[in-house]
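When you get a sec, could you build the whole thing from the sequences and use the hints?
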Amino acid sequence: MGLGFTLILLPVALAAGFLAGYFIRRNASPTVNGRDQVFQTIHRNIMELYGNVTSLLNVEKIITSFFQSLTRIPFVQDAWLLRYDGTAFVDGLTREPVESPELNEFARNNFFNPDGDDYIEPDRNSVLYRLYERGGKSSEGITVQVFPLVYDFLGTSYLFIVFLTKPNPDSQLSKFLLFLKRQLFLLLYLKELSFKYKASQEFLEGVFHNNPVAICITDYNGEVQRGNKEFYRIFLKSFQNIRNLIDDESFQALADGRTLEKDFHFDQKNLKVRGIPLYEMNGTVKGFLLTVTDDSLQHLLYKRLESSEERYRKLLKELPLGLIIVNQEGIIYFVNDNFMYSLGYSVPEKLQGRSLEEFFDLPTGSFVDIIKQIEKKDYLYFKFQSKNRYGSRIFSVNLRKLYIGSDNLIEAAFQDVTLENALYAQLEEKNKLIEEELSTARAVWEHILSIPPLYSSALRFETFYKASYQLGGDFYDVIQIDDVHVAIVIADASGHGVSASLVASMLKILVEFAPKDPHKISDMVDYINTGLVKILPEDQYITMFYGVIDTTNYTMEYVNCGHPFPLVHDDRTGEVTMLPGMSFPLGTSANFSYEGDLKKVQLPAACKILLYTDGIITFKKNNSLLNTEDLKQYFKTGLQLQTKDMLNDIYTRIIRECNTISDDDISMLLLVLNRNLAYKKFLSIPSNVLEIDYAIMKIKEGIGLIHSLGEEDSWKIYTSLYEALINAVEHGNRFNVQKRVTVIYRIVKNWIVFKVRDEGTGFDVKKVPNPLEEANLLKPSGRGVFMIRKLMNKIKYNKTGNETTMFFRVSGK
Amino acid sequence: MKYDISEFKGKTLLKIRENLVTDPDAREFKEVLTNLIDGGKKEIIIDFSDMVFIGSSGIGKLLLAYKRLTDIGGKLYITGLNKDIKDLFYTFRLNEFFKIEDNLDSIR
Numbered sequence: 001m002g003l004g005f006t007l008i009l010l011p012v013a014l015a016a017g018f019l020a021g022y023f024i025r026r027n028a029s030p031t032v033n034g035r036d037q038v039f040q041t042i043h044r045n046i047m048e049l050y051g052n053v054t055s056l057l058n059v060e061k062i063i064t065s066f067f068q069s070l071t072r073i074p075f076v077q078d079a080w081l082l083r084y085d086g087t088a089f090v091d092g093l094t095r096e097p098v099e100s101p102e103l104n105e106f107a108r109n110n111f112f113n114p115d116g117d118d119y120i121e122p123d124r125n126s127v128l129y130r131l132y133e134r135g136g137k138s139s140e141g142i143t144v145q146v147f148p149l150v151y152d153f154l155g156t157s158y159l160f161i162v163f164l165t166k167p168n169p170d171s172q173l174s175k176f177l178l179f180l181k182r183q184l185f186l187l188l189y190l191k192e193l194s195f196k197y198k199a200s201q202e203f204l205e206g207v208f209h210n211n212p213v214a215i216c217i218t219d220y221n222g223e224v225q226r227g228n229k230e231f232y233r234i235f236l237k238s239f240q241n242i243r244n245l246i247d248d249e250s251f252q253a254l255a256d257g258r259t260l261e262k263d264f265h266f267d268q269k270n271l272k273v274r275g276i277p278l279y280e281m282n283g284t285v286k287g288f289l290l291t292v293t294d295d296s297l298q299h300l301l302y303k304r305l306e307s308s309e310e311r312y313r314k315l316l317k318e319l320p321l322g323l324i325i326v327n328q329e330g331i332i333y334f335v336n337d338n339f340m341y342s343l344g345y346s347v348p349e350k351l352q353g354r355s356l357e358e359f360f361d362l363p364t365g366s367f368v369d370i371i372k373q374i375e376k377k378d379y380l381y382f383k384f385q386s387k388n389r390y391g392s393r394i395f396s397v398n399l400r401k402l403y404i405g406s407d408n409l410i411e412a413a414f415q416d417v418t419l420e421n422a423l424y425a426q427l428e429e430k431n432k433l434i435e436e437e438l439s440t441a442r443a444v445w446e447h448i449l450s451i452p453p454l455y456s457s458a459l460r461f462e463t464f465y466k467a468s469y470q471l472g473g474d475f476y477d478v479i480q481i482d483d484v485h486v487a488i489v490i491a492d493a494s495g496h497g498v499s500a501s502l503v504a505s506m507l508k509i510l511v512e513f514a515p516k517d518p519h520k521i522s523d524m525v526d527y528i529n530t531g532l533v534k535i536l537p538e539d540q541y542i543t544m545f546y547g548v549i550d551t552t553n554y555t556m557e558y559v560n561c562g563h564p565f566p567l568v569h570d571d572r573t574g575e576v577t578m579l580p581g582m583s584f585p586l587g588t589s590a591n592f593s594y595e596g597d598l599k600k601v602q603l604p605a606a607c608k609i610l611l612y613t614d615g616i617i618t619f620k621k622n623n624s625l626l627n628t629e630d631l632k633q634y635f636k637t638g639l640q641l642q643t644k645d646m647l648n649d650i651y652t653r654i655i656r657e658c659n660t661i662s663d664d665d666i667s668m669l670l671l672v673l674n675r676n677l678a679y680k681k682f683l684s685i686p687s688n689v690l691e692i693d694y695a696i697m698k699i700k701e702g703i704g705l706i707h708s709l710g711e712e713d714s715w716k717i718y719t720s721l722y723e724a725l726i727n728a729v730e731h732g733n734r735f736n737v738q739k740r741v742t743v744i745y746r747i748v749k750n751w752i753v754f755k756v757r758d759e760g761t762g763f764d765v766k767k768v769p770n771p772l773e774e775a776n777l778l779k780p781s782g783r784g785v786f787m788i789r790k791l792m793n794k795i796k797y798n799k800t801g802n803e804t805t806m807f808f809r810v811s812g813k
Numbered sequence: 001m002k003y004d005i006s007e008f009k010g011k012t013l014l015k016i017r018e019n020l021v022t023d024p025d026a027r028e029f030k031e032v033l034t035n036l037i038d039g040g041k042k043e044i045i046i047d048f049s050d051m052v053f054i055g056s057s058g059i060g061k062l063l064l065a066y067k068r069l070t071d072i073g074g075k076l077y078i079t080g081l082n083k084d085i086k087d088l089f090y091t092f093r094l095n096e097f098f099k100i101e102d103n104l105d106s107i108r
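Taken in sequence, the protein lines are chains A and B.
If you count the first sequence from 1, position 683 lands on 683 in the numbering used here, and the numbers rise without skipping.
If you count the second sequence from 1, position 64 lands on 64 in the numbering used here, and the numbers rise without skipping.
A portion of the hints provided could be inaccurate.
[To be verified] Think about it this way: if two alpha-carbon atoms lie no more than 35 Å apart in a straight line, the pair counts; the simulated DSBU-like pairs of lysine-lysine are:
1. A:K698 - B:K30
2. B:K86 - A:K766
3. B:K9 - A:K767
4. A:K272 - A:K286
It should be emphasised that the hints constitute simulated quantities derived from the structure, not laboratory data.
Okay, structure coming up:
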């Protein structure tokens, strides 16, 4: 848009003045040819037009006459005005659509060039020529000039198009066309603005006039200036001043700038009147705005409601549900038949006017408490029991507030749930019993799974057991057969639940009693198999891996009876391999001998063996079951951690990465074999007080091979170990037999170092109360730690406080 | 736990014939003492001359018995401690509560 456009936005008078000057000059010209006369005439017409129109807003008339004048000019064949709203073209005056997609293309190319010239002369290929020809005329010798009028702040543009018979019109015509363009620009601007104003004005008028609430606007004396349809409908022009409607006091309040909200009676109508003052720009009250609603209408509505209520009443009476309406005190207003019969009455009058509390034991004690609760909520559920003489029935009661007139009433629906209630109570009782049984069984099961003491130096182990919600059929054990041989069992009874766990318990007993000759493994397995065949139902079986490790040469003999392949990690090469060999599950065939399926392997000097039940491989990752290869990877990654954290880590990683998790029980057993550790003696016991004595005996046996202990050394070691172990069992592991206490000890010349570790959260040795303090002198406990300190030469704790290291110097006494 | 109960100078004499380290032993020890006190014995001598060592729980039970006895105005005598245990008892300042005598004859 050029500078000229901006100038044109000045008032019309200025533009007219400028033009007047222009023509005065033209008039002064000595040579006035014919064309000049034409222009003069047109100008005069235009100026007259401006003088005669009542409003500049009568744009259409002015523009039409512009165009009429224009076509009277020689060389001007035709002139168009097109309006473009950004999407399509319409006729600038009639707003009839002008259909031409090419015109849009033209608009895009020519409208919005920033350095827009006053006009454009499109080339011969332009769509405008073709549009011109559409009217049946030839475009031969015609030149088009397009004057764009862009109102980008209004989102509209116009094209003022002139078709000339002369290729290069003289400057007179050019100037005149520019003059017209500027006039048009201004006029169309006014037209667009008024159009927009009209639309919003119409909207507001619509809101005002068609509002269902009566509205009037008055001057500051209360004279009604305007009212809407509803206002005149109510009052039928019965008053001119609102002081006829509202009292003086209210009017004064309004005049003082306050808002008004009050009910008035007028012409047998109940009217609710709201009013606000209207202000001048300078803050003084210039008038008032009043809204009036007719309450008498609502009375009519009430009447209609009453008739429908009658129908409602009839419906309620025959409802298959007890229904009553009571007031705030619990006094019965209305009962339906169902409710009446349920209390043993046949006429409603006997119940009406009596209190609910006469018939029911209320859960809250009194009805007032129910009212208090219902104030906060719109409806409530309760259980009411009818009193003994009304049958002691139990009702589920739904209470809700009811608004009828000004009374606050409560509606209550009664449903007899006596039978359901009794059944439910029984069911709950039964469930509770089963729950209790299951939790006892689970506790027993965990005891069964606890591994007995182990005192082989070259072998350590970690276990992981996650019970399913039901009881499980997993079973594992590490059994010290003799000083050299350690047996490993891991097994899984098919199915789950109580039956699977019973089968697994049977297995535990069979394993306990089976002949455990380390050189005749197949005897053991055959024994167990024969035992299981006798007791197992046909479709049940047990998978089991049974192996015996010779800790002197690290060979393992084993049979795998249908159990998932154990994985072996060679600590030196870092390789993970499966233990090969597979035989039939136990309990399937009575006369089968497992001798032929015996395997013997040489284990690496340092290795870790992972045994597991199939619970862990029923997890699904990316919709397919985990396989041994997946597990190998989890195992390998887990190996970077400390041994005690490995199994937990494998489990949590699998849980994290799998999308389908099964509720089977999951057991893992990790064996750690390391010949290099053999110089340290190792011992592991479940957290059971009774195991402590045995453990200390084994340790003393071990020491006895190197030192012959005197009586004094002997009791000092005994007592210290006892105190340390009882602390680990009691305070560390809290008697949980699933948790283990390990003792590692080493003899270096005449020093013995003991390490006692538990799986507890540890303790802060500084926080142990000093037994020598006056307040603690008489306490029966708390002397253990102090005692060890007195008997041993040195004592240390790790940071966590779950490991005690004791140093003892053999005195020979 | 092996023990004998007899009379000595009008007092009850409890002779312990074993070590008192383990938890089960300590519990039995407590039961024996409780029975004696419940049976109306107010003056009790405990003879430890056959005992090589006592654990912290054994000491704990001893203190429980002492408290019960003082509550009813009774007395607890300890005798027959070997050097190490006597040392330990003194470390725990138990001599401030019990009468610790070297042998039975010193009890009057």
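**Asked** Taking only the CA atoms, is the gap from B:K9 to A:K767 under or equal to 35 Å?
**Response** 45 Å, violated
**Prompt:** Between B:K86 and A:K766, does the CA-CA distance stay at or below 35 Å?
**Reply:** OK: B:K86 and A:K766 at ~27 Å, within 35 Å.
**Request:** For the pair we were handed, A:K698 and B:K30, check the Cα-Cα distance against 35 Å.
**Result:** Distance of about 28 Å is within 35 Å: holds.
**Prompt:** Between A:K272 and A:K286, does the CA-CA distance stay at or below 35 Å?
**Reply:** It holds: about 23 Å lies between the C-alpha atoms, which stays within 35 Å.
Against the hints set out earlier in the document, a violation occurs for number 3 only.
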